[in-house]
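Engineer: So the chains spell out like this:
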Amino acid sequence: MRRLLQRRENQLAAIIILVVGLITLRAPVFLSMGSIDTIMTDGAILTMMALVQMLAILTRGIDLSVSANMALTGMVVALLSKDHPEMAVTATIVLALGLGLLLGAINGVMIAYVGIPPIVVTLGTMSIYRGLVFQVSGGAWVNAQQMGSAFIAFPTTRLLGLTAIVWIAAVMVAAIYLFLNHVRKGRELYALGGNPTAARYVGINNTHNQMLVYSLIGLVSGLCGYLWVARYAVAYTEIALGFELQTVAACVIGGVSMAGGRGTVLGCVLGSVFLVIIFNALPIINVSPFWQLAISGAVILAAVVLNSRSERSKGKLILKSAQLAAVRGTA
Amino acid sequence: MIMNTADQDKNPVLALQGIKKHFGGVKALDGVTLNLYAGQVVALVGENGAGKSTAVKIMTGIFRPDAGTILINGEAVSLHSTQDAWKNGVTAVHQETVMFDDLSVAENIFMGHLENRRGGLLDWAGMNRRAAQILLELESDIRADMLLNNLSVAQKHMVEIARALSHDSKVVIMDEPTAALSQQEIQELYKIIRRLQAAGKAILYISHKFDEIFAIADRYTVFRDGCFVGEGRIADVNEDELVRLMVGRSVRQLFPKPTVTIGGPVLEVQGLGNDREFEDISFTLHKGEVLGFYGLVGAGRTELMEALFGLKPVTHGAILRNGTPMAHGSPRAVIDQGIVYVPEDRQHSGVILPMSIRNNLTLPSIRALATGIFLNNAKEKALSQQFRERLSIKCANLDQKVSDLSGGNQQKVVIGKWLATRPDIIVLDEPTKGIDVGSKSAVHAFIGDLVKQGLSVIMVSSELPEVMGMADRIIVMHQGRIARSFDRATFSAEAIVAAATGLFARSSQEGAHAQTSSAA
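Protein chains in written order, with the numbering used here: chain S, 1 to 331; chain R, 1001 to 1520.
It is worth saying that the hints were derived from the structure and are not from the lab. The model shown is predicted, which means the values in this text are computed figures rather than measured ones. Where is the CB? At the ideal position from N, CA and C, for every residue including glycine. One thing to keep in mind: the hints can contain errors.
[Said to hold, decoys possible] Below, in silico cross-link-like pairs of lysine-lysine (BS3-like), each with a Cα-Cα straight-line distance of 30 Å or less:
| id | chain 1 | residue 1 | chain 2 | residue 2 |
| --- | --- | --- | --- | --- |
| 1 | R | K1312 | R | K1287 |
| 2 | R | K1401 | R | K1027 |
| 3 | R | K1020 | R | K1394 |
| 4 | R | K1020 | R | K1170 |
| 5 | R | K1020 | S | K185 |
| 6 | R | K1170 | S | K185 |
[To be verified] Distance ranges between label pairs, derived from CB positions:
| id | chain 1 | residue 1 | chain 2 | residue 2 | range |
| --- | --- | --- | --- | --- | --- |
| 7 | R | E1115 | S | N286 | 55 to 63 Å |
| 8 | R | D1145 | S | L159 | 54 to 62 Å |
| 9 | S | V109 | R | E1115 | 53 to 61 Å |
| 10 | R | L1121 | S | L162 | 25 to 33 Å |
| 11 | S | L162 | R | D1145 | 34 to 42 Å |
| 12 | S | L123 | R | G1264 | 56 to 64 Å |
| 13 | S | V109 | R | Q1184 | 27 to 35 Å |
| 14 | S | V109 | R | N1238 | 55 to 63 Å |
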């Protein structure tokens, strides 16, 4: 049992079950089918974005421009839908992916080839992309009546009872799990974040990997930008404002190390689920919106404290007895 | 396979010709030559800073030479990356363990050339199997699925050797492979090297230890200060000749250890341990004494000193300062007790490279230099000027960045900044590692000055002549415990090395006696 609870993911899963139990005691409606459906659909975008954010964090970077990318891509496709309501959904998705990829690649070039630290680059592009949203829309909203009906309907189309958005997230979770655990490039990201010097010694190219990471983030941000706009059926300048911090928070809660090189897909998904549950449950149990912000902030801080405690170096193994204990521990 | 005159006619598998490499204004290599032959072990010898590791990094594609050619089987190649070197059959076990602590043993072995199954996904089962097989060949009990974090320093080194063997290589470079190994493990390594040799591989063996060189090598090449000095067959030289080639003169290194009357105890350590890195550590340091700590890399000496200085937790035991228990929870508390620690890795923990010499020198004494919350610039200038003269730091002015100084002068800044706090006890961790001969003897003379002024010195060193020359007593550590301790009268190189590698550690009566007497 103790061994089981030592794993970060198991601890988090236990906490999630506990929290859900407590909330359900206060408000049984929380566990209704409708509520679960909402949570999954809401959680899908956060999960996808947290997963790609994890790629940046694994390589000792961060991408703060994700939400601005989502807003810009979302606004552009919404405006297109307004002008061409009959445009096919596949075309919209391809456009969103392409524009997102372009915005991400700009980050990638600045970081990988120009050599500017990720936090500086993405802080800059965050403002630039957000400013562009205002420029393309003129500050006006695009509302549900103006968008094409297929455009809005797609994310919540159901297949086997689940919305399309949930299916897309599920596929992405599987794809990123496969990438990080069973593809050469994926493992190299862990190596780069864990020990950049050692990575250089075995010939792992940081430039290519950073370019790949920030381009991938852009690609997924673009897709999520469309999904977000269509799901909430409205596009405006402040879409997803501050959402980048939620993606980082989900990673941190899920045990992804801000120092790089450590983090799992499962942890990241659980971190996102935990955040979405907190955000959805607080209104249900009648917590005022102002307290909601404070509580979610406190939860994030608590996770950071827990993380840094578990990361504190335990020291090398020098004593024979300590070595034996370690071997038994892993057996 | 006996080679006589045939040596010279035979074509080298790998040859360096006229290789030059600069780092900023520092010449690391100045036209060196190196020849490696199939089925032969070439020992590359030279002092710290002679350019051996730089040459290794050039042969493995990590650095690119400024000039010169690399020939593989007689053909000029340019190595742009480690992968290029691998493709040309060159692999290396590097001096520093460059590994990934959060990844598994198998993954560490294959990182950089992870193997795919058909379909583009990684072949975990295959890699685990091959890793296990290589480790088995090395007669190691490390399992392929273990997390590297859970291995000891020596085991990590074994994984690095396994990594080099995971390639189908023609040339295997070993840069000080025995630094962290025990005597028995070294014998195992010899067996591996002989097997590689029999398989026709060319081996470059870098070591400071002459007994190893004469035991394993067929040929030698000597570098001095970045230059090629000579090469030949090991059978044609003796130790003295090799030393002469290395240092350019036949010297018995002189250690200016002054005789100082040893006073009463200033620091007593009793049964110190932290369950993981060191245990049962008891010793006494006296006024005016130089206490040497010798051991293999990874014996726990640095960890012990960090714990003494409040940088690492201690789970049991006591430290007495002048007979009264001492708080050692934080470096600040320990500094206030007049104890300072000059760490081994000066680039990372010793100086703040982008800061000026002056600011580095005064950093630990900043409290004494402040008036209220403001720093007194005049005082700061005076103090730093004083230590610049006392240590003869070579610099244009004190506002120069420390990163502009040579290794030896950087080390002087590190020592100077701690002396400025006017300590009674100074702990020096590998004080002469990686600095040139001239700076080295300056540091030694300086240690002599310190004890003459009544300070007590703890000197951690992996260089046997240095500890034997400078210390009044030597404590030898092995796997986190005190193996033996020696008084100056009983110093013997053989006995000290034997204790450090775990031979008759703690079993002989003499060792037990020495322990109780040092604890008393």
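Engineer: Each hint should be assessed against the structure and marked as holding or not.
Structural biologist: Outcome of the hint check:
1. K1312/R <-> K1287/R: The given pair, whose Cα atoms are some 25 Å apart, holds under the 30 Å limit.
2. K1401/R <-> K1027/R: Given pair K1401/R, K1027/R holds - Cα atoms ~20 Å apart, limit 30 Å.
3. K1020/R <-> K1394/R: Given pair K1020/R, K1394/R holds - Cα atoms ~26 Å apart, limit 30 Å.
4. K1020/R <-> K1170/R: Holds: K1020/R and K1170/R sit about 24 Å apart, inside 30 Å.
5. K1020/R <-> K185/S: 34 Å, violated
6. K1170/R <-> K185/S: Holds, at about 27 Å.
7. E1115/R <-> N286/S: 55 to 63 Å: This hint holds: roughly 57 Å between Cβ atoms.
8. D1145/R <-> L159/S: 54 to 62 Å: Given a distance of about 39 Å, which is not inside 54 to 62 Å, the answer is violated.
9. V109/S <-> E1115/R: 53 to 61 Å: Roughly 31 Å apart at Cβ, these two residues miss the hinted range, so it is violated.
10. L1121/R <-> L162/S: 25 to 33 Å: 27 Å, holds
11. L162/S <-> D1145/R: 34 to 42 Å: 36 Å, holds
12. L123/S <-> G1264/R: 56 to 64 Å: For G1264/R against L123/S, whose Cβ atoms are near 60 Å apart, the range 56 to 64 Å holds.
13. V109/S <-> Q1184/R: 27 to 35 Å: Distance hint for V109/S, Q1184/R is violated at roughly 53 Å.
14. V109/S <-> N1238/R: 55 to 63 Å: Since V109/S and N1238/R have Cβ atoms about 60 Å apart, the given range 55 to 63 Å holds.
When each numbered hint is compared with the structure, violations occur for hints 5, 8, 9 and 13.
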